[in-house]
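> Listed below, chain by chain, are the residues.
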Amino acid sequence: MFIFIKIGYKNLFRNKRRSVLTSIVIGLGLASMIITDGFMDGMSENMVKTITTGMVTEGQVHNPLFSDSFDAKDVIMEKDKVEKILSNDAQVENYAKRVISFAMLSSARNMRNITVYGVDPEKEKQVTTTYKYVSEGKYVEDEQSLLVGSLLLERLEVELGDKVVLTVAEAHSGELSQVLLRISGVLTAGSKEMDENAAFIHIKKAQSIFNIGQNYHEIAIKFRDRSVGEQETYPLWAQLNHTGNKGESWKGIVASFTEIMGMVDQSKGIMAFILMLLVGVGIVNTLFMSIYERMFEFAVLRALGTKSREIIIMVMSEAGAMAVMSVVLGLIITVILALPLGLSGIDYGGMEFADVTIREPIFYEFHWSQITSFPVATFMFTVLISIYPAYHAAKVTMAQAIKKTL
Amino acid sequence: MENNNEVIFKLNDIGKVFGTTSDTQVHALSDVQLEIKQGEFTAFVGPSGSGKSTLINVMNGFDVPTSGHVLLSGKKIDLMGESELANFRRDHIGIIFQSYNLIPVLTAKENIEYVMILQGIGEEERSKRVKEFLSIVGLEGKEDRYPSQLSGGQQQRVAVARAMVSRPDIVIADEPTANLDSKTGTELVDMMLELNNKYGTTFVFSTHDPMIMEKAKRLVTLKDGKVVQDEVR
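Line by line, the protein sequences are chains A and B. For what it's worth, the working numbering labels the leading residue of the first sequence as 1, then goes sequentially. For what it's worth, the working numbering labels the leading residue of the second sequence as 1, then goes sequentially.
Treat the hints as calculated values from the structure; they're not laboratory data. Think of the CB as a built atom: it goes at the ideal place given N, C-alpha and C, for glycine as much as any other residue. It is possible that some hints are incorrect.
To be verified - Just a sample of chain A residues kept apart from chain B, beta carbon distances all over 10 Å, derived:
| hint | residue |
| --- | --- |
| 1 | Val-25 |
| 2 | Asn-94 |
| 3 | Val-134 |
| 4 | Asp-142 |
| 5 | Arg-224 |
| 6 | Trp-237 |
| 7 | Val-335 |
| 8 | Ala-338 |
| 9 | His-392 |
Unchecked claim - Taking CB as the label site, the calculated pair distances span:
| hint | chain 1 | residue 1 | chain 2 | residue 2 | range |
| --- | --- | --- | --- | --- | --- |
| 10 | A | Thr-372 | B | Ser-83 | 36 to 46 Å |
| 11 | A | Met-289 | B | Glu-82 | 19 to 29 Å |
| 12 | B | Pro-104 | A | Thr-372 | 30 to 40 Å |
| 13 | A | Phe-273 | B | Thr-24 | 38 to 48 Å |
| 14 | A | Ile-332 | B | Gly-138 | 47 to 57 Å |
| 15 | A | Thr-397 | B | Leu-79 | 16 to 26 Å |
| 16 | B | Gly-49 | A | Phe-273 | 53 to 63 Å |
| 17 | B | Ser-83 | A | Lys-268 | 43 to 53 Å |
| 18 | A | Thr-397 | B | Asn-5 | 33 to 43 Å |
Unchecked claim - A short, non-exhaustive set of chain A residues, derived as facing chain B with CB atoms under 7 Å:
| hint | residue |
| --- | --- |
| 19 | Ile-3 |
| 20 | Ile-7 |
| 21 | Lys-10 |
| 22 | Asn-11 |
| 23 | Val-300 |
| 24 | Ala-303 |
| 25 | Leu-304 |
| 26 | Gly-305 |
| 27 | Lys-307 |
| 28 | Met-398 |
| 29 | Ala-399 |
Let's have the full structure, built from the sequences with the hints guiding it.
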């Protein structure tokens, strides 16, 4: 067996330029797969971070009716029990209560339908980074605070410090309730949804104007380890559901995003398949060129008593040696291309994808499979695809091949 | 070694037709009846197109006859399957090609021991035989050279060593001196003759060269695919 592998390996270096060029092509294919995977994962992680550090957070609890109706009267049930469950769960790092409902915000010149968030500022800062996107003024600090989105500010034709009227329907009576507030902060989250339609007030103020006492509509959760909360089978969710409320991770809340990311993963697979197919055609072409030049040699080997399967091993060894060289070159190309981009990141400057704003540069996301599974897959693919030309070489017609060399 | 007159190769009514339609058919061999005895040094001679190479190809199993049977050591090689024929050729037939056809990526030593590796012979025995045959063909000290580092005559000597080192029943060569100058060609045939005399190895080869023909102990003349003369000297 060793002699066939040796001949195969040595044959690779008979036409060094061709072998190196082919290896570069395969290596580029591998590098493309690794870099695409790294940046796609980086983009995915970036977007997940945007979601989980934004208002969605890593998990939420609601009254199931609230999720459908957004009605102010559908507050969280058995709130003390729910808070006890959350406080007792070792994986829950922090949680924040929120009052949420539709409202109308009017200025002297204009009015807009909005979503008003009543937040506990200190708790909120422990579960989201929304406060970091205050572009003017201050984040919600007290019951007089009103933080509005920057686009909402434009629509209402007001400025920081101007007075506006917040109108809501009381939770149970449905009576309109109004409160005059001065704009104390402007939010520029980079998301059209937030910047155009959201306003933040203190939770106590919200509870007061909606007339819901100490109740609230949502609990936003931050886990010590995000991946724990992502598990549907994590016991916390069942415990919360037993209270009559619905607890779910961010994956369930933004299910459309999860589906889109699943499709992105599929696209990545299809792209890798097409890429490997193109590389595969290149490999087959190169091996055929190399084999056609040496048909007489295969005929001689057969004449000396070498069996067909031994010729196949020989050609596959040649492809294997080429694959090893390609993998090494591919990893070098990956480092050369991915390292600078990985360090600086790719800035998409607020581009929205799947309803999520990419706020920060996308960095290369490394995981071990990129330098284990991908190279192994490339090696296996190269060796497997060489079976076709190898079979062709093994089926050489000796009399004809030898005659052609005379 | 003595010639024990045992018939080792038998060609029974061999016919070989190339082409499929009556217009294109060429009868390369017709009713060839031939026996090769152990220890013979036989040359196939005849003009171009007489069927020498076709006969050689049929004898070493490269080509299958259209009619008749080829028997080596009592076995019909034309009826063997691919794998069986590969093994049989490896163990019983030594082949020398006109263009040397050494494996370019292997050294002289590795080329010589290749067939022995296929036969599963151990390294120690292989080294012993390689050393012996390098000495016989006069290439001591050149065992680590690649074919490209050897002259044509030296390459053909390696090819002779490769054909003989596995101790085959017969060595078949298709115009082994055609690519060599007359001096080197004569030296090569002298060496083959010496091996024939010393080891009793049976040689069958085709040639155009009258000087080489002179050295053959048996001369089989072909014309239009038929044996027209069989002269034992």
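> Decide, hint by hint, whether the structure agrees.
Hints and how they fare:
The claim that Val-25 of chain A is not at the interface with chain B holds, since no C-beta of that chain comes within 10 Å of its own (minimum 23 Å). Residue-level check passed: Asn-94 of chain A sits 68 Å from the nearest beta carbon of chain B, beyond 10 Å. Every CB of chain B is more than 10 Å from the CB of Val-134 of chain A (nearest about 71 Å), matching its label as outside the interface. Asp-142 of chain A, annotated as away from the interface, keeps every beta carbon of chain B farther than 10 Å; the closest lies near 84 Å.
Arg-224 of chain A, annotated as away from the interface, keeps every beta carbon of chain B farther than 10 Å; the closest lies near 60 Å. With a least CB separation of 63 Å from chain B, Trp-237 of chain A remains clear of the 10 Å interface cut-off, as annotated. A cut-off of 10 Å between C-beta atoms confirms that Val-335 of chain A is not in contact with chain B; the least separation is 32 Å. Listed as outside the interface, Ala-338 of chain A is consistent with that label: its C-beta sits roughly 36 Å from the nearest C-beta of chain B, beyond the 10 Å cut-off.
Against the 10 Å criterion, His-392 of chain A stays outside the reach of chain B, whose nearest CB is about 15 Å from its own CB. The beta-carbon spacing between Thr-372 of chain A and Ser-83 of chain B, approximately 38 Å, falls within the hinted interval of 36 to 46 Å. Between Met-289 of chain A and Glu-82 of chain B the Cβ separation comes to about 26 Å, which falls inside the hinted range of 19 to 29 Å. A beta carbon spacing of about 36 Å between Pro-104 of chain B and Thr-372 of chain A agrees with the range 30 to 40 Å that was offered as a hint.
For the pair Phe-273 of chain A and Thr-24 of chain B, the beta carbons lie near 47 Å from each other, so the given range of 38 to 48 Å is met. Roughly 48 Å separates the CB atoms of Ile-332 of chain A and Gly-138 of chain B, a value that falls within the hinted 47 to 57 Å. About 18 Å separates the C-beta atoms of Thr-397 of chain A and Leu-79 of chain B, a value consistent with the hinted range of 16 to 26 Å. For the hinted restraint 53 to 63 Å between Gly-49 of chain B and Phe-273 of chain A, the CB-CB distance of approximately 54 Å keeps it satisfied.
Between Ser-83 of chain B and Lys-268 of chain A the beta carbons are some 45 Å apart, a value that agrees with the proposed interval 43 to 53 Å. Against the hinted window of 33 to 43 Å, the Cβ-Cβ separation of Thr-397 of chain A and Asn-5 of chain B comes to about 36 Å, which satisfies the hint. Interface hint status for Ile-3 of chain A: upheld, as the beta-carbon distance to the closest one in chain B is roughly 5 Å, under 7 Å. For Ile-7 of chain A, the interface hint holds, the least distance from its beta-carbon to any beta-carbon of chain B being 6 Å, beneath 7 Å.
Annotation: interface hint on Lys-10 of chain A holds; nearest CB of chain B at approximately 4 Å, less than 7 Å. About 6 Å separates the beta-carbon of Asn-11 of chain A from the nearest beta-carbon of chain B, less than 7 Å, and the hint is met. Proximity of Val-300 of chain A to chain B holds as hinted, the smallest CB-CB distance being about 4 Å (cut-off 7 Å). Checking Ala-303 of chain A against chain B by beta carbon gives a least distance of about 5 Å; that is within 7 Å, so the hint holds.
At its closest, the beta carbon of Leu-304 of chain A sits 5 Å from a beta carbon of chain B; the interface hint therefore holds under the 7 Å criterion. A least Cβ separation of about 2 Å between Gly-305 of chain A and chain B falls short of the 7 Å threshold, and the interface hint therefore holds. For the restraint placing Lys-307 of chain A at the interface with chain B, the shortest Cβ-Cβ distance is roughly 5 Å, inside the 7 Å limit, so the hint holds. For Met-398 of chain A, the interface hint holds, since its Cβ comes within 7 Å of a Cβ in chain B; the closest pair sits about 4 Å apart.
Satisfaction of the interface hint for Ala-399 of chain A is found here, the shortest Cβ-Cβ separation to chain B being roughly 4 Å, below the 7 Å cut-off.
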